[in-house]
Amino acid sequence: MEVKQEIGKVIYPFVAFGNLEKPKPENILIKNATVWTNEKEGKIENTDVLLENGKISKIGKTIPTTNVKIIDGTGKHLTYGIMDEHSHIAISSGVNEGTQSVSAEVRVGDVVNPDDINIYRQLSGGVVASQLLHGSANCIGGQSGFIKLKWGSSAEEMKVKNVQFIKFALGENVKQSNWGDANVIRFPQTRMGVEQVMTDAFTRAKEYEAEWKTFNTNKNKTSDKIPRKDLELDALVEILNKKRFITCHSYVQSEINMLMKVAEKFGFRINTFTHILEGYKLADKMAKHGAGGSSFSDWWAYKMEVYDAIPYNAALMQKMGVTVSINSDDAEMARRLNQEAAKTIKYGNVSEEDALKMVTLNVAKLMHIDDKMGSIKVGKDACVVLWTDNPLSIYARAEKTIIDGAIYYDLNSDETKRNELQTERNRIIQKMLTAKSTGNITQKPIAKPQKIWHCEDVADVFKNGDSGE
Amino acid sequence: MKKIFITIFCFSFFIFSQAQPPSPVKIQDRALLLKAGIIHIGNGQIIQNGSILFENGKIIEIGINVNSPTNAEIIDVNGKHIYPGLISPNTHLGLTEVDAVRSTVDYEEVVDFQPNVRSLIAYNTDSEIIPTVRSNGILIAQPTPSGGIISGTSSIVQLDAWNWEDAAYKIDDGIHTNFPSMYRRAGFFDEGSAIIKNENRIKIINEIDKTFSEALAYSKISNHDVINLKFEAMRGLFDGTKNLYVHADYGKEIIESIKLFKSKEIKKIVLMGGDDAWQVTDFLKENNISVILSSLHRLPTRSGDDVDMPFKIPALLHKAGILVSLSYADGRDPMGSRNLPFLAGTASAHGLTKEEALSMVTLNTAKILGIETQTGSLEKGKDANIVVSDGDILDMKTNNITYAFIQGRKITLDDRNKRLYRKFSEKFEKKKE
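In the order they appear, the protein sequences are chains E and P.
Position one of the first sequence corresponds to residue 58 (my numbering), numbered consecutively onward.
Position one of the second sequence corresponds to residue -2 (my numbering), numbered consecutively onward.
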């Protein structure tokens, strides 16, 4: 007897809450919403916004409604999509090349995992893009990846090209302060050593650059004269030539000041200090140097270098002219990043619009993509979020999250997805029960839960070693 | 002109020296009337444009027209919100200062069965974290031991005291036990590690069974020749003077643990954590079990869980008629516990009214911890544990605590974070001159 083979539908990605069809860009007209432009117009009420061909094409009152999908924004709020400057989601197999202090050649972009359910969860929190960072185990970590959270797309489709950043780190993590008694050998073990690692790295990079320049301009090139290609130094040379920008995990004022001086000595600038919890102590110097600050909202006290951290950090840095963003470094906070931004209203009286900019426009500025993202302005990428309430309020829910004109999260279709998930789960269980009862071989289920990465995780280093748990 | 400057200078110095560190004030020496506020009682009721009178640390009167004695201090709050002080259960507040620095950590002993270790006497009233938590409206906390199978005995403290003796609000309120998980990770750090059955589980459950049986037998006799300190500590579980706080998350573990402890004649059982409590509401209701949930600001337990998990768990439990309280446990506690009001805000955003959510960090918590006759709501006869907020206390956008009273004493709302903010604000202001 032939048994009809019944196969489940393929969804994109092939995990819970995947899409039956990959979301397609549509022409969308959001009508009559309160629009938080992030431009000089500020917050404008009863306004329509038209999205066409993946871009914001019109902003105004009563835009014509032919050939568009209409979304009623009455009583609702439209903002640019939230962007997370410091994220470790969607990364497979480890976030730290925690072996040597300088590992500039490694790339997070090579290990993006587009199937991470946290992408979907963050879409439901209004996040449209994240900078995926190497961890903080090393002074010079690895090149970052910047993705738009296009749930259902491949890793390559998610990655935004021409965003060239690299993760640096300072402080307790790079000097292995909290990794136990076995980890006291690798240089640096003090903040003094950190400065020397940085200085040495850029000194080598300068020499390497000069070596190649000499070779390239040499009229008599022979293969025996060719310098050794070094991917690590290549990345550092990009920094020297302002082709790659640094986001540096940092806490205390001494090390922040140190790194700015090292950069100035070698003729470049630190683009962003991330975490930067003592940034408020030298915000004036940061502003003068031209560094941005990407801060936690209110974490402190869990290790020594954050004992002077204050939740007023973002407000104070901003007051002194530093471009400030609020980041997550945490998959849980990232899906409530609007609320974390709202904390700057409470701690430091930042205005609502400025608080929103800390998770939208300011991130775009820090990432050098504010020509394309960050504010509701004609010509920018159509990455917007429709909220049920004031986006800075704890009561607000993201109703629709749109990226490049395609709807990637919809509160209503999320409901449908839940039912589909339940149905599919039941179907598979029934199939397994049927198979067992007809005598097929069974195996015990093995659950492999996903690892949630944080800055300091060094899973693969300790996998077969004698240190660690 | 110079005289005025000196006076102002000395006055400022006085203010700052008072604030270093926040010093508990004397016992309430004068009656105090807070008038013209929106009073949130804590039990669901709101009084618009209400007043509250308290004297000798107790609430005397609440209502629309409240007369105050002639010598009373009167504070007109001008339409701002008046709330009961929030209560933070299952926290390490005062038991650790900097988690990464081992010498400051006092919440986890090394022995598996240690009901007799007590958090109260390790509680540090001078932790810099405590004032930051008060600044957001939390006035009472339950410093709680962790680790092992039976972690120890918690107590409840009020957050304005010179020493743990003065801080004690309810001494040795209960014993905490961590029920062994059915599953564990194969390798701790490795991404590819599988979830496998916890082979030690049956062994541990048998030990728990044996320990509680022996403790029960021990408690039947009032005077033993040979004292067993552990069993002495457990007496209260059998006569109802101590709660048994059962920490369990997985649905089956919740059922199994509570059944086991009920069979040992434990009078009062409370479920702590309860990540899966929403799956076993019938069981919890039947057995009259209250729940203190772990931090709602966490990721959903399973990858296929709804995206509004765990935010809607309080609403699910509330609808099933279960008494629910919120804690910041398993979040970035204790420094993050100042976000407790916002856990209630999240709960309110997912299926509860604001007043229902407020109860889950005030009156419900008081009921579960056994301190509802003293606090948890703004009612006549209860302790004057009161906070005033400019706006809705549950939303970070509007939470701003301007006054706080513990047992009627007006407490300073200064803290380490604020001091550093002032110090560097002034530095930059002066630079401009």
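None of these hints come from the bench; they were simulated from the model.
All C-beta atoms in this analysis are idealised placements derived from N, C-alpha and C, irrespective of residue type, glycine included.
Hints are supplied without guarantee of correctness; some may be wrong.
[Stated by the list, open to error] Derived BS3-like pairs (lysine-lysine); straight-line CA-CA distance at most 27 Å:
id : chain 1 : residue 1 : chain 2 : residue 2
1  : P       : K309      : E       : K505
2  : E       : K345      : P       : K200
3  : E       : K501      : P       : K420
4  : E       : K360      : P       : K200
[What the hints assert, rightly or not] Computed footprint of chain P on chain E, listed as stretches where at least three residues anywhere in the stretch have a Cβ under 8 Å from a Cβ of chain P:
id : stretch
5  : 123 to 137
6  : 197 to 209
7  : 294 to 307
8  : 351 to 360
9  : 441 to 450
10 : 469 to 483
Please list, smallest to largest, the hint numbers that this structure does not respect.
Of the numbered hints given earlier, those the structure breaks are 2, 3, 4, 5, 6 and 7, listed in rising order.
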